[in-house]
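**Student:** Sequence:
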Amino acid sequence: MAFTVLIVEDEKSISGILKLNLEMEGFVVLLAETGPEATELFQKNQESISIVLLDVMLPGLNGFEVCSFIKERKAQMPVIFLTAKGNSEDRIKGLKTGADDYLVKPFNLEELLLRINIVLKRSAKIKDTAVFEFGKNKIDFVTWEIKGVGGKSETISTREIKLLKLLTERKNEVVSRDEILEKLWDEDENPSSRTIDNLILNFRKYFEKNPREPQYFHSVRGVGYKFTC
Numbered sequence: 001m002a003f004t005v006l007i008v009e010d011e012k013s014i015s016g017i018l019k020l021n022l023e024m025e026g027f028v029v030l031l032a033e034t035g036p037e038a039t040e041l042f043q044k045n046q047e048s049i050s051i052v053l054l055d056v057m058l059p060g061l062n063g064f065e066v067c068s069f070i071k072e073r074k075a076q077m078p079v080i081f082l083t084a085k086g087n088s089e090d091r092i093k094g095l096k097t098g099a100d101d102y103l104v105k106p107f108n109l110e111e112l113l114l115r116i117n118i119v120l121k122r123s124a125k126i127k128d129t130a131v132f133e134f135g136k137n138k139i140d141f142v143t144w145e146i147k148g149v150g151g152k153s154e155t156i157s158t159r160e161i162k163l164l165k166l167l168t169e170r171k172n173e174v175v176s177r178d179e180i181l182e183k184l185w186d187e188d189e190n191p192s193s194r195t196i197d198n199l200i201l202n203f204r205k206y207f208e209k210n211p212r213e214p215q216y217f218h219s220v221r222g223v224g225y226k227f228t229c
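Just so you know, we're using the working numbering here: the sequence shown kicks off at 1 and counts up by one.
Calculated directly from the structure, the hints in this document are not laboratory data. All C-beta atoms in this analysis are idealised placements derived from N, C-alpha and C, irrespective of residue type, glycine included. Be aware that one or more of the hints could be misleading.
[Claimed, not checked] Derived PhoX-like pairs: lysine-lysine, alpha-carbon spacing no greater than 20 Å straight-line:
#1 LYS183 <-> LYS93
#2 LYS136 <-> LYS71
#3 LYS85 <-> LYS12
#4 LYS162 <-> LYS147
#5 LYS165 <-> LYS138
#6 LYS165 <-> LYS71
#7 LYS226 <-> LYS209
#8 LYS71 <-> LYS44
#9 LYS136 <-> LYS147
#10 LYS165 <-> LYS136
#11 LYS74 <-> LYS209
#12 LYS93 <-> LYS71
#13 LYS205 <-> LYS136
#14 LYS71 <-> LYS162
#15 LYS165 <-> LYS226
[To be verified] Pair ranges (Cβ atoms, derived):
#16 ASN45 <-> SER176: 35 to 45 Å
#17 GLU23 <-> GLU182: 16 to 26 Å
#18 ARG73 <-> TRP185: 12 to 22 Å
#19 SER68 <-> GLU110: 25 to 35 Å
#20 ALA2 <-> CYS229: 36 to 46 Å
#21 LEU95 <-> LYS44: 21 to 31 Å
Using the sequences and the accompanying hints, generate a full structural model.
**Tutor:** Here is the structure:
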């Protein structure tokens, strides 16, 4: 089965070279030149798109906004930024919006192909483990749907699913408040520690038989939080 790549690039010379080389490697290619065109194409084709190659400086919506749009609708969609904006601030911002990789122009086509294949392999492994079960609870990291105490199913927020992903991937480890704040919020946001406490309280309501005596989601005073199962 051929992988479909959405290329979002307003410079036709670059998108043309990418399209030619990717098609030679067996990929199906979709092209968008503006942010709004990219979001529209993604909406229509998100079930067939395998990976997105995304510039930062775009007409209409910038690449960070397009990436956020994509990740809000399909959290596990692989995204690689291809951009001339190579300073550390932009790299960090791109990765914080959920991008899987960040390659600075001008780039080597062979290196890009290697990075695409690495990200696609990683994505396939994530899909294999997209559903996490503990006790009688279930978390689907693709659909953001959970099944908690009493078998009730509901869809939770982006921030809740990100924190659940972080805690379950670090099972039995204490994750500090500072790390959670850094990974879940942008620098220009100012959440309080109480904001994280409220998310943990939500998890206890969703998943714990007795929220006052948690079995899975623990607060470690003065340090952070720990998930155990």
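**Student:** What's the verdict on LYS183 and LYS93, does the C-alpha distance respect the 20 Å limit or exceed it?
**Tutor:** holds, 11 Å
**Student:** Taking only the CA atoms, is the gap from LYS205 to LYS136 under or equal to 20 Å?
**Tutor:** holds, 14 Å
**Student:** Could you say whether the range 16 to 26 Å given as a hint is met by the Cβ separation of GLU23 and GLU182?
**Tutor:** Given range 16 to 26 Å: violated, Cβ gap about 39 Å.
**Student:** Cβ-Cβ distance between ASN45 and SER176: within 35 to 45 Å?
**Tutor:** holds, 40 Å
**Student:** Would the hint linking LYS136 and LYS71 be met if the CA-CA limit is 20 Å?
**Tutor:** violated, 28 Å
**Student:** Could you grab the alpha-carbon distance between LYS165 and LYS136 and see if it respects the 20 Å cut-off?
**Tutor:** holds, 18 Å
**Student:** Should the hint that ALA2 and CYS229 are 36 to 46 Å apart at their CB atoms be regarded as holding?
**Tutor:** holds, 39 Å
**Student:** Honestly, do LEU95 and LYS44 meet the 21 to 31 Å range at C-beta?
**Tutor:** holds, 27 Å
**Student:** Holds or violated: LYS226 and LYS209, Cα atoms, limit 20 Å.
**Tutor:** Given pair LYS226, LYS209 holds - Cα atoms ~17 Å apart, limit 20 Å.
**Student:** Going straight from one Cα to the other, do LYS165 and LYS138 come out at no more than 20 Å?
**Tutor:** holds, 12 Å
**Student:** Cβ-Cβ distance between SER68 and GLU110: within 25 to 35 Å?
**Tutor:** holds, 30 Å
**Student:** For LYS136 and LYS147, compute the direct alpha-carbon distance and say whether it is at most 20 Å.
**Tutor:** Holds, at roughly 8 Å.
In summary, the numbered hints that this structure violates are 2, 11 and 17.
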